[in-house]
Amino acid sequence: MRILIIEDEITLNRTLQEGLTDFGYQVDAAENYKDAEYFIDIRNYDLVLTDWMLPDGDGIELCKIVKNRSSRTAVVIISARDDKESEIEALKSGADDYIKKPFDFDILLARIEARLRFGGTNVIEIEDLVINPDEEKIIYNDEEIELKGKPFEVLTHLARHRDQIVSKEQLLDAIWEEPELVTPNVIEVAINQIRQKMDKPLNISTIETIRRRGYRFCYPESHEDAE
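In the UniProt record's numbering, the protein residues as written are 1 to 227.
Possibly wrong hints are sitting among the right ones.
Stated by the list, open to error - Derived SDA-like pairs: lysine to any residue, alpha-carbon spacing no greater than 25 angstroms straight-line:
no.	residue 1	residue 2
1	K101	E125
2	K100	E125
3	K67	D97
4	K150	T15
5	K168	D142
6	K197	D142
7	K148	S167
8	K64	Q196
9	K197	G149
10	K137	G19
11	K101	R211
12	K148	R111
13	K137	K64
14	K148	R14
15	K168	G19
16	K101	S205
17	K100	I126
18	K64	A159
19	K84	K100
20	K200	E177
21	K100	K137
22	K64	E136
23	K100	G19
24	K100	K197
25	K84	G94
The set of hints was computed from the structure by calculation and includes no laboratory data.
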């Protein structure tokens, strides 16, 4: 499970990062609106935990952006505002929960777990192709396909953004924990494995290469500008 923390109070931000990481979550963290937008654009999150008031923006607006991109992503607003009207405003704006500062970490953790437990499905279904990220499983025409690890993550990310052309750099940022330590060639390796282990045996095409721009998920349709 991947969580994005957006909190401009540095000490609290680090405390939340360390605490959630200790409980097995993959965590990204931003201290302002601009950086949060960057993470939301390149990665898919199971839950976004955001402060209401940020130095350069509004957590409620971020909530709307997250929900427009993926309604299944849970959003929890944390705020020093303790009035009833603020809580109602946040929930009506799309937030799944509202937690007032100061809060107990154990209670926050329990409420995060509850939101993730009752969240929407991650499963991607496109005609007779089913991709289940939680179980790292692909089913095509009721047959399970053996594709694991980074190639599976690359396929999943492209499938989630199937209306977009995704560059190698965007794939590296979205999937690799330390993208600066690997070369873009790892993307080509992953794409090749998808084609060899999945597309070729099934006689289908799932990913097209867009010259000098990146990749696009093309199943079940193909495009003329593919290589």
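Now for the hints, and whether the structure bears them out:
| no. | hint | verdict |
| --- | --- | --- |
| 1 | K101 <-> E125 | 40 angstroms, violated |
| 2 | K100 <-> E125 | 38 angstroms, violated |
| 3 | K67 <-> D97 | 13 angstroms, holds |
| 4 | K150 <-> T15 | 29 angstroms, violated |
| 5 | K168 <-> D142 | 31 angstroms, violated |
| 6 | K197 <-> D142 | 16 angstroms, holds |
| 7 | K148 <-> S167 | 21 angstroms, holds |
| 8 | K64 <-> Q196 | 40 angstroms, violated |
| 9 | K197 <-> G149 | 13 angstroms, holds |
| 10 | K137 <-> G19 | 29 angstroms, violated |
| 11 | K101 <-> R211 | 50 angstroms, violated |
| 12 | K148 <-> R111 | 31 angstroms, violated |
| 13 | K137 <-> K64 | 30 angstroms, violated |
| 14 | K148 <-> R14 | 32 angstroms, violated |
| 15 | K168 <-> G19 | 32 angstroms, violated |
| 16 | K101 <-> S205 | 50 angstroms, violated |
| 17 | K100 <-> I126 | 40 angstroms, violated |
| 18 | K64 <-> A159 | 22 angstroms, holds |
| 19 | K84 <-> K100 | 11 angstroms, holds |
| 20 | K200 <-> E177 | 29 angstroms, violated |
| 21 | K100 <-> K137 | 39 angstroms, violated |
| 22 | K64 <-> E136 | 29 angstroms, violated |
| 23 | K100 <-> G19 | 18 angstroms, holds |
| 24 | K100 <-> K197 | 49 angstroms, violated |
| 25 | K84 <-> G94 | 16 angstroms, holds |
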